[in-house]
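> Chains as they are written, first to last, in my numbering: chain A, 1 to 465; chain B, 466 to 601.
If you're looking for bench data, these hints aren't it; they were derived computationally from the structure.
The reader is advised that the hints may include incorrect statements.
Residues of chain A clear of chain B, computed beta-carbon distances all greater than 12 Å [claimed, not checked]:
| hint | residue |
| --- | --- |
| 1 | Gly32 |
| 2 | Val153 |
| 3 | Leu239 |
| 4 | Val340 |
| 5 | Ala463 |
20 Å max Cα-Cα, derived SDA-like pairs, lysine to any residue [what the hints assert, rightly or not]:
| hint | chain 1 | residue 1 | chain 2 | residue 2 |
| --- | --- | --- | --- | --- |
| 6 | A | Lys455 | A | Glu376 |
| 7 | A | Lys336 | B | Thr510 |
| 8 | A | Lys260 | B | Arg592 |
| 9 | A | Lys77 | B | Arg592 |
| 10 | A | Lys260 | B | Glu595 |
| 11 | A | Lys401 | A | Glu376 |
| 12 | A | Lys260 | B | Thr534 |
| 13 | A | Lys294 | A | Glu376 |
| 14 | A | Lys77 | B | Arg532 |
| 15 | A | Lys260 | B | Arg532 |
| 16 | A | Lys77 | A | Asp385 |
| 17 | A | Lys306 | A | Ala463 |
| 18 | A | Lys77 | B | Gln591 |
Sample of chain A residues facing chain B (criterion: CB under 7 Å; computed from the structure) [stated by the list, open to error]:
| hint | residue |
| --- | --- |
| 19 | Phe17 |
| 20 | Leu59 |
| 21 | Val61 |
| 22 | Gly63 |
| 23 | Gly67 |
| 24 | Phe90 |
| 25 | Ser97 |
| 26 | Thr243 |
| 27 | Ser250 |
These numbers come from a predicted model, not from an experiment.
Built from N, CA and C at the ideal position, the CB exists for glycine as well.
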Amino acid sequence: MNETLAALLYLVASVCFIMALRGLSSPQTARGGNLYGIAGMVIAILTTLFTGLVVSYWLIVIGIVIGGAIGTYIALKIQMTALPQLVAAFHSLVGLSAVCVATAAFSAPEAYGIGVPGAIHQASLIEMAIGLTIGAVTFTGSVVAFSKLQGLVSGRPLVFPLQHWLNLVLALALVGLIVGFVSTESGALFAALTLLALAFGFLLIVPIGGADMPVVISMLNSYSGWAAAGIGFTLSNTLLIITGALVGSSGAILSYIMCKGMNRSIINVIAGGFGGEAAADPGRGGAAGDRLVKSGSAEDAAFILKNAGSVIIVPGYGMAVAQAQHALREMADFLKKDGVKVSYAIHPVAGRMPGHMNVLLAEANVPYDEVFELEEINRDFASTDVAFVIGANDVTNPAAKNDPSSPIYGMPILDVERAKTVLFVKRSMASGYAGVENELFFRDNTMMLFGDAKKMCEEIVKALE
Amino acid sequence: MADPTPLAQRAGELANDAGALAHRLDALQQQLTLAAHPTVVHGATPFVFELTVFVLAIFVGYYVVWRVTPALHSPLMSVTNAVSSVIIVGALIAAGPFGISFARLMGFVAVLLAAVNIFGGFIVTQRMLEMFQRKK
Chain A
1 MNETLAALLY LVASVCFIMA LRGLSSPQTA RGGNLYGIAG MVIAILTTLF
51 TGLVVSYWLI VIGIVIGGAI GTYIALKIQM TALPQLVAAF HSLVGLSAVC
101 VATAAFSAPE AYGIGVPGAI HQASLIEMAI GLTIGAVTFT GSVVAFSKLQ
151 GLVSGRPLVF PLQHWLNLVL ALALVGLIVG FVSTESGALF AALTLLALAF
201 GFLLIVPIGG ADMPVVISML NSYSGWAAAG IGFTLSNTLL IITGALVGSS
251 GAILSYIMCK GMNRSIINVI AGGFGGEAAA DPGRGGAAGD RLVKSGSAED
301 AAFILKNAGS VIIVPGYGMA VAQAQHALRE MADFLKKDGV KVSYAIHPVA
351 GRMPGHMNVL LAEANVPYDE VFELEEINRD FASTDVAFVI GANDVTNPAA
401 KNDPSSPIYG MPILDVERAK TVLFVKRSMA SGYAGVENEL FFRDNTMMLF
451 GDAKKMCEEI VKALE
Chain B
466 MADPTPLAQR AGELANDAGA LAHRLDALQQ QLTLAAHPTV VHGATPFVFE
516 LTVFVLAIFV GYYVVWRVTP ALHSPLMSVT NAVSSVIIVG ALIAAGPFGI
566 SFARLMGFVA VLLAAVNIFG GFIVTQRMLE MFQRKK
């Protein structure tokens, strides 16, 4: 296969990847888009295998068969509630393979036509160093994110004195090592750069708390794209450059949307430590003890729901933890049979990754045209009889609108307090991630339903029957 | 976020532009390798072409991704993840030669990791997308 044909086929693959993203503009076209993505990947791999640069196939076949089998098994077995950690784990693999490819290119540059060992082209060295660094940061960063999401380590932010200074020094040291490596092409500096970048990725994500994970995952998504682009520059491969740029900008946009959903800057999120003190202070949740809340049983809730004309369900991370989506949908089915209008309101940062709630509801067979985003539905709360909040807290807290001293002030919230009645399914009075007490719990039109989200839904279903 | 229709148009235009540019890049690369026509060189290094492609692709990504419906942000993330494993292209070249070398071992590891990601990423995306359905 000559180079022109290979380059043209890479172009076709790039267009396929663009179509894959484009398909996601609506659920009807999305599946077709995914097929485009698969087609693009097949074209890219076959093209590379037949360029003449690859002469021995057995190792590659073994790699693809083993890797493919592992990937297929995981993808088919994984529960939808575990999606965020799965995506984090996959990001780490992209980062690690970028590191491997950069190492391979450094030790055998002639295979890629970028020079010979000891005399690699200057530009390729710079690109290699950058690709390597981003790849290594993506790898360890994603491993930390995975461990927090999977519950292997506490989701609490890990902060220690001089943390930001340490990171700053490390960042400067990274730049210094890149410069040193490019000018000397020393293998020792290559290794040092790799190790330092790995440490940096680890330290970067460690101070960020569990509920900021939507931003972290999006950010690492972006990094994995930039790492691929960096490798693309090193190898002068336009397909890798284009794909890396697409993925990089996609992740950056998602991070932006998530930050806006919390009214925080990306710097503030990366700096971390948010929500740490509250989680470390158990007395905080108990502070509610001296104020009166109205709590009710599943039967009370069933009665209220049955007699409502319209219900808006507000799901949060708590629903995911309790795996309550199926029971919730069953409850909604009963209500719909009774002529109640049911819709779902999703806050942009609900859950642990962008769009997390939508996937869980879809998994429970909730039709996607009953599920609405914040801007689409927020006005409807005022004309709604019941807001049914399940596993969400901070995203409904009116303090974000009327208390300038609150840490979540300015965050866009779902206006559940406008509904005639608010039902809160919660395990306890403990405050949410931001460590702020929710004023809503103490209002006259609020009824707390204490218990596990799934059990509560099942009991309500029983009462409705 | 602005009105989606002009964005859609612009995304389309930009995609076309990027396509056209990649075409021209191929043509230019060919001519550069021939090097029989010194007039073509004109000081533009391969890096500049790569940078051009890179920047245009960022714009294409920007406009295409803003059009993605928020309900599908999770599948977006898993599909971009699968797609970024196209880094396997670099791994295949490292794993491709005969003989035993450190580079080849690295290539093999990268092929394996990327393959986990490609299969896992596309399959989990497909699983997710199959769940999104209309009201019956």
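> Between Lys336 (chain A) and Thr510 (chain B), is the straight-line Cα distance small enough, at 20 Å or below?
Measuring from Cα to Cα gives roughly 65 Å; hence the hint is violated.
> Hey, Lys294 (chain A) versus Glu376 (chain A), does the alpha-carbon distance stay inside 20 Å?
violated, 30 Å
> Should the interface hint for Thr243 (chain A) be scored as holding, given a Cβ-Cβ cut-off of 7 Å against chain B?
holds, 5 Å
> Would the hint on Ser250 (chain A) stand, with a C-beta cut-off of 7 Å toward chain B?
With a minimum Cβ separation of about 4 Å from chain B (threshold 7 Å), the hint on Ser250 (chain A) holds.
> For the pair supplied as a hint, Lys77 (chain A) and Arg532 (chain B), confirm whether the alpha-carbon distance does not exceed 20 Å.
Violated - the C-alpha atoms of Arg532 (chain B) and Lys77 (chain A) are around 31 Å apart, more than 20 Å.
> So, Phe17 (chain A) near chain B? Judge it on the closest CB pair being under 7 Å.
With a minimum Cβ separation of about 5 Å from chain B (threshold 7 Å), the hint on Phe17 (chain A) holds.
> Given the proposed pairing of Lys260 (chain A) with Arg592 (chain B), does the C-alpha separation stay at or below 20 Å?
violated, 29 Å
> Against chain B, is Phe90 (chain A) within 7 Å by beta-carbon distance?
holds, 5 Å
> Please verify whether Lys77 (chain A) and Arg592 (chain B) have alpha carbons no more than 20 Å apart.
holds, 11 Å
> With chain B as the partner, please determine if Gly63 (chain A) meets the hint condition of a C-beta pair closer than 7 Å.
holds, 4 Å
> Under 7 Å, Cβ to Cβ, is where Gly67 (chain A) needs to be relative to chain B, so tell me if that hint holds or is violated.
Hint holds; Gly67 (chain A) Cβ to chain B Cβ min 3 Å, cut 7 Å.
> Mind verifying the non-interface call on Val153 (chain A)? Its CB should be farther than 12 Å from each CB in chain B.
Given that every Cβ of chain B is farther than 12 Å from that of Val153 (chain A), nearest at about 22 Å, it holds.
Checked against the numbered hints above, the structure violates hints 1, 3, 6, 7, 8, 10, 13, 14, 16, 21; every other hint is satisfied.
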